[in-house]
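Asker: Which chain is which? The protein sequence lines are A and B, in order. Residue numbering for the first sequence follows numbering that gives the first Met the number 0, beginning at 0 and increasing consecutively. Residue numbering for the second sequence follows numbering that gives the first Met the number 0, beginning at 0 and increasing consecutively.
It should be emphasised that the hints constitute simulated quantities derived from the structure, not laboratory data. Hints may be right or wrong, so weigh each one.
Cβ-to-Cβ under 10 Å is the rule here; a few derived chain B residues that face chain A [what the hints assert, rightly or not]:
| no. | residue |
| --- | --- |
| 1 | Met0 |
| 2 | Leu27 |
| 3 | Leu74 |
| 4 | Asp93 |
| 5 | Gln156 |
Covered stretches of chain A (chain B as the covering partner; in silico rule of three or more C-beta atoms under 8 Å from a C-beta of chain B) [unchecked claim]:
| no. | segment |
| --- | --- |
| 6 | 125-138 |
| 7 | 144-158 |
| 8 | 162-170 |
| 9 | 193-202 |
Computed from a prediction, not measured in an experiment: that's the story for all the values here. All C-beta atoms, glycine included, are put in the ideal place defined by N, C-alpha and C.
Protein chains: 2
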Amino acid sequence: MDTSSLTEHICTKGSFLCVGIDPVLERLPAHFVADSQGLLKFCTAIVDATADHCVAFKPNTAFFEAFGVAGWGALSELVAYIKKKHPSHLIIADAKRGDIGNTAKAYAKAFFEAMSCDAITLSPYMGVETLIPYLEYPNKFAIVLALTSNQGAFDFQWNSEEKETHLVERVIAKTQTLPNSERIMYVVGATQNSQLKYLRSLAPDSFFLMPGIGAQGGSLSEAYAAAKNASVGVLVNSSRGIIYASSGPDFAEAAQKEAAALHEQMRTLLYI
Amino acid sequence: MDTSSLTEHICTKGSFLCVGIDPVLERLPAHFVADSQGLLKFCTAIVDATADHCVAFKPNTAFFEAFGVAGWGALSELVAYIKKKHPSHLIIADAKRGDIGNTAKAYAKAFFEAMSCDAITLSPYMGVETLIPYLEYPNKFAIVLALTSNQGAFDFQWNSEEKETHLVERVIAKTQTLPNSERIMYVVGATQNSQLKYLRSLAPDSFFLMPGIGAQGGSLSEAYAAAKNASVGVLVNSSRGIIYASSGPDFAEAAQKEAAALHEQMRTLLYI
Numbered sequence: 000m001d002t003s004s005l006t007e008h009i010c011t012k013g014s015f016l017c018v019g020i021d022p023v024l025e026r027l028p029a030h031f032v033a034d035s036q037g038l039l040k041f042c043t044a045i046v047d048a049t050a051d052h053c054v055a056f057k058p059n060t061a062f063f064e065a066f067g068v069a070g071w072g073a074l075s076e077l078v079a080y081i082k083k084k085h086p087s088h089l090i091i092a093d094a095k096r097g098d099i100g101n102t103a104k105a106y107a108k109a110f111f112e113a114m115s116c117d118a119i120t121l122s123p124y125m126g127v128e129t130l131i132p133y134l135e136y137p138n139k140f141a142i143v144l145a146l147t148s149n150q151g152a153f154d155f156q157w158n159s160e161e162k163e164t165h166l167v168e169r170v171i172a173k174t175q176t177l178p179n180s181e182r183i184m185y186v187v188g189a190t191q192n193s194q195l196k197y198l199r200s201l202a203p204d205s206f207f208l209m210p211g212i213g214a215q216g217g218s219l220s221e222a223y224a225a226a227k228n229a230s231v232g233v234l235v236n237s238s239r240g241i242i243y244a245s246s247g248p249d250f251a252e253a254a255q256k257e258a259a260a261l262h263e264q265m266r267t268l269l270y271i
Numbered sequence: 000m001d002t003s004s005l006t007e008h009i010c011t012k013g014s015f016l017c018v019g020i021d022p023v024l025e026r027l028p029a030h031f032v033a034d035s036q037g038l039l040k041f042c043t044a045i046v047d048a049t050a051d052h053c054v055a056f057k058p059n060t061a062f063f064e065a066f067g068v069a070g071w072g073a074l075s076e077l078v079a080y081i082k083k084k085h086p087s088h089l090i091i092a093d094a095k096r097g098d099i100g101n102t103a104k105a106y107a108k109a110f111f112e113a114m115s116c117d118a119i120t121l122s123p124y125m126g127v128e129t130l131i132p133y134l135e136y137p138n139k140f141a142i143v144l145a146l147t148s149n150q151g152a153f154d155f156q157w158n159s160e161e162k163e164t165h166l167v168e169r170v171i172a173k174t175q176t177l178p179n180s181e182r183i184m185y186v187v188g189a190t191q192n193s194q195l196k197y198l199r200s201l202a203p204d205s206f207f208l209m210p211g212i213g214a215q216g217g218s219l220s221e222a223y224a225a226a227k228n229a230s231v232g233v234l235v236n237s238s239r240g241i242i243y244a245s246s247g248p249d250f251a252e253a254a255q256k257e258a259a260a261l262h263e264q265m266r267t268l269l270y271i
């Protein structure tokens, strides 16, 4: 998928929702067996319940790796399931990898070839050379951590105490000059209200993947207003608010309802 | 393992060598089948050939993930093999993970529990809160990327053009104040000669894991002289120079010979 087909998908559907799949075993409804297969069943049920309301799914690798080999198997099965049942949805591996040369190539192979994900989240700490192997894949996205939604974003990414260039400013500036930079998206927290417009000015054409609405306190309408561009340019992620909407046997219906409510808000924002 | 037992192990053995296991399929000797089982056989042969000369093994997760589920299985088998056959060796998962709260907990579970690694490499980009779950494990190490050995280190970690606080200075200062900070090591490139003494002054008691000797141009004796502390405080990594010492059927003997040569140099440095 490229940016223009993503924009088209968003506009047709009236949704820029990404459903984050971060399944913590302890929070699964009681009727699921507490193993990797239980996890997989929960995830596929969430996917089916919310697919009509979102344009992207973002499974987080950590929660699968915690189950060892069987967990990696469940992640692969989940990606294959989404690809087969919901082929128009973007699949983002929330993996936050970041390493040099041959290692980056191997990670790209892992997520873009061995699994058929469409995008991967990446940490830029080791420099922009670490992103290049991912950008060589047509129709795939490299989603670079910029200003994240957590409190720790102020440790290094944005140091408000000092009048120095912030790390996130350097990250965006340097990555924007890379070959195939149209395949880059940025993770920008929806909680980072005071910086959103400024960050958008640094990367006017790139998609922002925005976590942080709901539990973390970010506002959907404010984030959208500050971060949108001419191609929409925004994917808003919701994880816990959707996947744990109910811990009972009605978890899928509850997830569907939450996703539908966000869809409705997004439709309004898009068609104003 | 804690710092003092690592120091003791180093001094007894006369080696602070870490063998990096970064197996690129294309570089495996021709008699190995080009699949995850071939990869595993190559890796266990390297481990057995070099164990007498090193105190740590550092498998890089990317090269296993590139094989999908079977690759993750091979990584788990490799870690279990090292644990069983060479129980006194430190096993470092070179995974460069970095994420918040529950996600970090899940990664810690993946590498410290589902696999029994002793340490994991971590990216600090998202802030120091992302390191805390790992530091709660006694006898495990969180190895934080500080100033890496690649050219990209100068993109963000160290910006020599400007008279500002460098990112790596912030990273070390902030992480040194964390609870259980004695369980932190830092990745510091052996290629970063002009900064080694200074970085050591910022973290006088921490172990440095140092890649970059050999192919990347770092000098073992210079790196050791600049970075050592009262507890040795240095693990020097070599990957390509050892594991690809020969591409023929004698690859294990050649790897052994390279590791033995580094061991001999290290013994001399330690016992001067």
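Asker: What hint numbers does the structure not satisfy?
Answerer: Violated hints (numbers, rising): 1, 2, 9; every other hint is consistent with the structure.
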